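Chains as they are written, first to last, in the working numbering: chain A, 2 to 316; chain B, 4 to 178.
Just so you know, these hints were derived from the structure itself, not from any lab. Take these hints with a grain of salt, some might be off.
Calculated lysine to any residue pairs in the SDA-like style (CA-CA distance at most 25 Å, straight line) [as the list claims (entries may be wrong)]:
{"id": "1", "chain 1": "A", "residue 1": "K304", "chain 2": "B", "residue 2": "S5"}
{"id": "2", "chain 1": "A", "residue 1": "K273", "chain 2": "B", "residue 2": "D42"}
{"id": "3", "chain 1": "A", "residue 1": "K304", "chain 2": "B", "residue 2": "L43"}
The model shown is predicted, which means the values in this text are computed figures rather than measured ones.
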Amino acid sequence: MITNSTYSNISVSATVAKSTVITISYSVTNPGEAITTSSLSVISYIDYLFDGVIDSTTSGLTLTLGANELSNSSFFAQPVNTTTYSTTSYTLSATLLDSIPAGGYVVFVFPSAITLTSPTLDGASFITTSCSVSTSGNNITLNNCFSSAMNNLNFYVTFGGITNPSSLEPTTSFGIYTYGTNSIINFKATGTTVIMTALALSTSFAPTPSSTVVDATNTYTFTISFFGSPASGDYLLLSLPVGMSISGTSSCSPGTGVASLTCSSPNRTELKVSFGSVPSSSISFTASNIKNYQISGTSVPLKLVLYKGNNYAAE
Amino acid sequence: MSFTAATLTAATNHNDQLALNTASNVTITVSAPFVLDTDLNASQTSLTITLPPDITTLSNSSCSVTNLTCSLSGTTFTVSAVGLSVSSLAVTMSNLMLAFSTTSSSFSVQYLYSSSIIASLSTGLTVSIFCSSPCQQCQTSQASCLSCLPLPNTLTLYYSPNSSCLSSCPDNYFP
Numbered sequence: 002m003i004t005n006s007t008y009s010n011i012s013v014s015a016t017v018a019k020s021t022v023i024t025i026s027y028s029v030t031n032p033g034e035a036i037t038t039s040s041l042s043v044i045s046y047i048d049y050l051f052d053g054v055i056d057s058t059t060s061g062l063t064l065t066l067g068a069n070e071l072s073n074s075s076f077f078a079q080p081v082n083t084t085t086y087s088t089t090s091y092t093l094s095a096t097l098l099d100s101i102p103a104g105g106y107v108v109f110v111f112p113s114a115i116t117l118t119s120p121t122l123d124g125a126s127f128i129t130t131s132c133s134v135s136t137s138g139n140n141i142t143l144n145n146c147f148s149s150a151m152n153n154l155n156f157y158v159t160f161g162g163i164t165n166p167s168s169l170e171p172t173t174s175f176g177i178y179t180y181g182t183n184s185i186i187n188f189k190a191t192g193t194t195v196i197m198t199a200l201a202l203s204t205s206f207a208p209t210p211s212s213t214v215v216d217a218t219n220t221y222t223f224t225i226s227f228f229g230s231p232a233s234g235d236y237l238l239l240s241l242p243v244g245m246s247i248s249g250t251s252s253c254s255p256g257t258g259v260a261s262l263t264c265s266s267p268n269r270t271e272l273k274v275s276f277g278s279v280p281s282s283s284i285s286f287t288a289s290n291i292k293n294y295q296i297s298g299t300s301v302p303l304k305l306v307l308y309k310g311n312n313y314a315a316e
Numbered sequence: 004m005s006f007t008a009a010t011l012t013a014a015t016n017h018n019d020q021l022a023l024n025t026a027s028n029v030t031i032t033v034s035a036p037f038v039l040d041t042d043l044n045a046s047q048t049s050l051t052i053t054l055p056p057d058i059t060t061l062s063n064s065s066c067s068v069t070n071l072t073c074s075l076s077g078t079t080f081t082v083s084a085v086g087l088s089v090s091s092l093a094v095t096m097s098n099l100m101l102a103f104s105t106t107s108s109s110f111s112v113q114y115l116y117s118s119s120i121i122a123s124l125s126t127g128l129t130v131s132i133f134c135s136s137p138c139q140q141c142q143t144s145q146a147s148c149l150s151c152l153p154l155p156n157t158l159t160l161y162y163s164p165n166s167s168c169l170s171s172c173p174d175n176y177f178p
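This is chain B alone, in the form it adopts within the complex (with noise of 0.2 Å):
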């Protein structure tokens, strides 16, 4: 007989604020929800960390796992002997770039051994943009400007009193 995944625990973390278009760092933090019988071999258990598809990888991208190793394999970062207890495993991705959207789908996490899943999560685990578009960097508040999104977003970058990206350039101000 055969028996289904278990549901991992995991949450994301941007501190960095993941910009628009913008390389920006994402730490995912992992737990499993039951510690693997020691007749199980550590070094056969891995973490797997698949990118949602409006998410990509720039060529500089990489992953860190205190104490353990972590690779990238096109979308899929693996952290591999994660071992037979995995509680509050911070796994941190860098340089990853968000499409233009505010809210990503999911990236989806593996408990592995071998090749066989034994806790997983694939909903509910997305990143989020802090500034509101068309501001692609912002500070402060959503949408007080530090650049403006590339057209076509935007027709003309005009940069306001307040901040703002503008299409179109108000009177009494010049580009």
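One chain only, chain A, in its complex shape (with noise of 0.2 Å):
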């Protein structure tokens, strides 16, 4: 029979034998952070004329507690601009299960593909005016912003001056965690990524064919200006439009900004260029068996591609 029952102390009374086993069941409010509880105690008493303890245990009996993971729904990264290199705004929101307390800070895990350039605090769903951003590798703290509990679950920041990821690959998560005064309240650090859905403009792009006479094989020169910075195991993709071709086997030679370089065709519309060196950032080199195209007097689009070694595009 229970008799007595607080927020801190429950009463049992009950005659029992030496080595019973006691389970007690009831109901708590967890603590609001990821903490460790101090140990619980447990004091059985003799209640006869007096009161009179037999045994107590005091420490060991702690209660580790682990934060709150947000669902996979309710956490999200938005950039405004999705364009390979493009230094942005991002929006990040989340649904969170619990307000943070005052005095709390929250932290932002971006993926490693996405730079910091100059990050900023542009807008919040709570007041911002005295919040102060700092980042550490790519992890941006806000702190100070909560002076008293912030009771607004559907949270949003946005960070200006980040720099988008360098090809269309899908980004490793993002990651939010928020904290009270000593721990974790809220996170979560999976299922939240992006993906670049247009690649930047190279700085230059110049294809010169030896002839320009419609139809004419010949040896075309490009000089190209990267917008970033090729590395190694990157390669080029030139596709040729309808009309233009390869004639048999075309072979490459490297100009300027890299030491070797060689060509495949994995189709007659298609020229894939492989360095064999690390690229600077301008180059150029030429490639032989190139058809021109069979019209004159009309603009025809040259498209190449830089991909990554990964295989996906960056500009």
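Two chains, two frames, a set of hints: combine them into the complex.
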């Protein structure tokens, strides 16, 4: 029989034999943060004329509490611009499970493919005048925002000065961690990614044939200035328009900015240029046996795409 | 980027002796330097032949090409849907009139895709008169006249025994 119950004490009265297992179940409200509690105390008394302690345990009975993880549909990241290399604003929105107490703070983890160029707090679902933004690696921490508890669980922040990934490869997950004064309250570290949808334009691309006569098969000189910095293992894919083609096998020779490269033709309208060394940001090379467009006076697009070594397009 | 047109191969033929100031026929045989890709649409190809300024059309001028459609607009003959391959294509233009010169300036021939030029030729494609002035029509030799050019090329038409067109009547002859 339970004889007394408050927030901190529960008393149970019964006559039990030695070594009897007593199970007491009761509802409590967990702490608001992921902490390890101080120890529960269990004390048995004899209630006969006077209260005398029989046994007691006052240490080692701790509870370790985990943070609440947000569900998969509760945390989103959305850039304003989804072009590779673009420096833009990202809005991170979350439906929190718990309020952030006064003095709490929030940490955002950005994927490694995203660069925190010059992060600024451009907007939020709460008053930001007192907020301070600090970065460490790819983490942004918002401090000093909550002088009182932040109870609006529809939470968002917008950061400017964030530079997009350099390719169309899906990013790793963003992360969000809300903290109380001591430890984590809510978090989400998986499943929130972004994918770029447009490629940055290379700074310049100039194809120059040795002959401009229609249908002539000749050697082209390509001069390229990249938007980003190509890395070892990256490659170029040249796509010819309908009416142009590669006659037989095209061979390539390096010009400036790249020590070695090789060419192969996946088909008669595409030329893959693989770098044998890390190219500089501006290069030139020649490719033979490219047949000119068959119609004069019409502007035809030659498309050149830089791919990362993992086959995701960059620019 | 864009490209410049290639050069056509073409030749004129006027077996019926293009006579001065007389309606005559001219055939131009055309070959393109390459075959167009099958990705292109043959119906958008055409061949145009533009007359030089010293050759004019008459009201009954026309053109013909075997198995193809040819039309005349102004001084330009157009063969529609000429195809992705043009090899020894003969275009006959009827009832053309050459002004008073013995050799015309060049016809201009263009092989087109839509309105863009694939290949062209605008030099050296001329026709010459077989007869020598003042013969308008001749026979057996360039100076053996069947008829004479009108005034002012000859003052008076006289037919000499060797079929020359003369400007005045020789002694012992009468007009």
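Comparing the hints with the structure gives:
1. A distance of roughly 14 Å separates the Cα atoms of K304 (chain A) and S5 (chain B); the hinted pair therefore holds under the 25 Å criterion.
2. Proximity of K273 (chain A) to D42 (chain B) is assessed by CA-CA distance (about 22 Å); at most 25 Å being required, the pair is judged to hold.
3. With a CA separation close to 20 Å, the supplied pair K304 (chain A) and L43 (chain B) stays within the 25 Å bound.
Of the numbered hints given earlier, the model fails none.
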